[in-house]
Amino acid sequence: QSALTQPPSVSAAPGQKVTISCSGRSSNIGNNYVSWYQQLPGAAPKLLIYDNTKRSSGIPDRFSASKSGTSATLGITGLQTGDEADYYCATWDSSLTAGVFGTGTKVTVL
Amino acid sequence: EVRLVESGGGLVKPGGSLRLSCAASGFTFSSYIINWVRQAPGKGLEWVSSISASSNYIYYANAVKGRFTISRDNANNSLYLQMNSLRVEDTAVYFCARGFLTVTNFDTWGQGALVTVSS
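Just so you know, the sequences run in chain order P and R. Going by my numbering, the letters in the first sequence line up with residues 1194 to 1303, in that order. Going by my numbering, the letters in the second sequence line up with residues 115 to 233, in that order.
Treat the hints with care, as some may be off.
Cut-off 25 Å, straight-line C-alpha distance, at most; resulting in silico cross-link-like pairs (DMTMM-like, lysine to aspartate or glutamate) [said to hold, decoys possible]:
(1) P:Lys1299 to P:Glu1277
(2) R:Lys157 to P:Asp1276
(3) P:Lys1239 to P:Asp1276
(4) P:Lys1299 to R:Asp221
(5) R:Lys157 to R:Asp221
(6) R:Lys127 to R:Glu203
(7) P:Lys1247 to R:Asp221
(8) P:Lys1299 to R:Glu160
(9) P:Lys1299 to P:Asp1254
(10) P:Lys1210 to P:Asp1276
(11) R:Lys157 to R:Asp187
(12) P:Lys1210 to P:Asp1244
(13) P:Lys1247 to P:Asp1276
(14) R:Lys157 to R:Glu203
(15) P:Lys1210 to P:Asp1254
(16) P:Lys1247 to R:Glu160
(17) P:Lys1239 to R:Glu160
(18) P:Lys1299 to P:Asp1276
(19) R:Lys157 to P:Glu1277
(20) P:Lys1239 to R:Glu115
(21) R:Lys157 to P:Asp1279
(22) P:Lys1299 to R:Glu203
(23) P:Lys1247 to P:Glu1277
(24) P:Lys1239 to R:Asp221
(25) P:Lys1247 to R:Glu115
Example chain R residues on the side facing chain P (calculated, C-beta under 7 Å, incomplete) [as the list claims (entries may be wrong)]:
(26) Leu159
(27) Tyr173
(28) Asn219
Calculated directly from the structure, the hints in this document are not laboratory data. The beta carbon of each residue, even a glycine, is placed where N, CA and C say it ideally should be.
Model the full structure from these sequences, guided by the hints.
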């Protein structure tokens, strides 16, 4: 099962903005909801965004997401050192009848 | 507090078997899809399997199909993953994760159980 494609890494200075792309196909992102996860070192992943654009409980509005066609994007504004983590997108693939994660993106705060 | 706790991880030889458990508390377990997700050392997340609330629908990743079996006991708020014919490439931390509204909205995760397949 092919993973969704994310850039390996993105970086920016504190207070700046980063965006993370997640590319798939019509059978997954194109026709299913996308969710986004933050994984801090040594910890379990944490749900940030569900149903393409909805923030999970307790997630600040510095985190936002969108979806267009077969791609999705996570944005983080007002970057903080605590945002340094790995970020993953996920969705369902209707053709494979399987879940699929993105390849993961490491966010570095310079 | 909504909680998932995995157990049963360990070291096993290639070709061996292991059974993981996931104990749920703090929510109505029988109302939710539950999933297994794994993460090999230093690698990304990989979806493994999902089971619907009443076990009517079960799905597996191609990499584990025919070797792994997911099941649940709603009376005891427990999820299981029976892993047979284990391979070195199955070495990973295995997380159980609750599905919220849709299968892949994983809103609650356990701490993970390490499975090491090595001779």
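Open item on the list: Just to be careful, I want the Cα atoms of Lys1299 of chain P and Glu203 of chain R compared with a cutoff of 25 Å; is the pair within it?
Closed with: Given that 25 Å is the threshold and the Cα spacing comes to 23 Å, the pair holds.
- [ ] Could you grab the alpha-carbon distance between Lys157 of chain R and Asp221 of chain R and see if it respects the 25 Å cut-off?
- [x] Distance ~21 Å between Lys157 of chain R and Asp221 of chain R Cα, so the pair holds.
Task: Lys1299 of chain P paired with Asp1276 of chain P [C-alpha distance capped at 25 Å] - done: It holds: about 10 Å lies between the C-alpha atoms, which stays within 25 Å.
- [ ] Take a quick look at whether Lys1299 of chain P and Glu160 of chain R sit within 25 Å of each other, Cα to Cα.
- [x] Holds, at about 16 Å.
Task: Pair hint outcome, Lys1239 of chain P versus Asp221 of chain R [Cα-Cα no greater than 25 Å] - done: holds (7 Å)
Open item on the list: Just to be careful, I want the Cα atoms of Lys157 of chain R and Glu1277 of chain P compared with a cutoff of 25 Å; is the pair within it?
Closed with: holds (17 Å)
Open item on the list: For a C-alpha distance cap of 25 Å, please report whether Lys1247 of chain P and Glu160 of chain R respect it.
Closed with: Roughly 23 Å separates the two Cα atoms, so the pair holds.
Open item on the list: Checking one constraint from the list: CA of Lys1299 of chain P to CA of Glu1277 of chain P, max 25 Å. Satisfied?
Closed with: holds (7 Å)
Open item on the list: Checking one constraint from the list: CA of Lys157 of chain R to CA of Asp187 of chain R, max 25 Å. Satisfied?
Closed with: violated (31 Å)
Task: Hint status (Cβ of Leu159 of chain R to nearest Cβ of chain P, threshold 7 Å) - done: Hint holds; Leu159 of chain R Cβ to chain P Cβ min 4 Å, cut 7 Å.
Open item on the list: Next pair to validate is Lys157 of chain R with Asp1279 of chain P; report whether the Cα-Cα distance is within 25 Å.
Closed with: holds (11 Å)
Open item on the list: Tell me if the straight-line CA distance from Lys1239 of chain P to Asp1276 of chain P falls inside 25 Å.
Closed with: OK: Lys1239 of chain P and Asp1276 of chain P at ~12 Å, within 25 Å.
When each numbered hint is compared with the structure, a violation occurs for hint 11 only.
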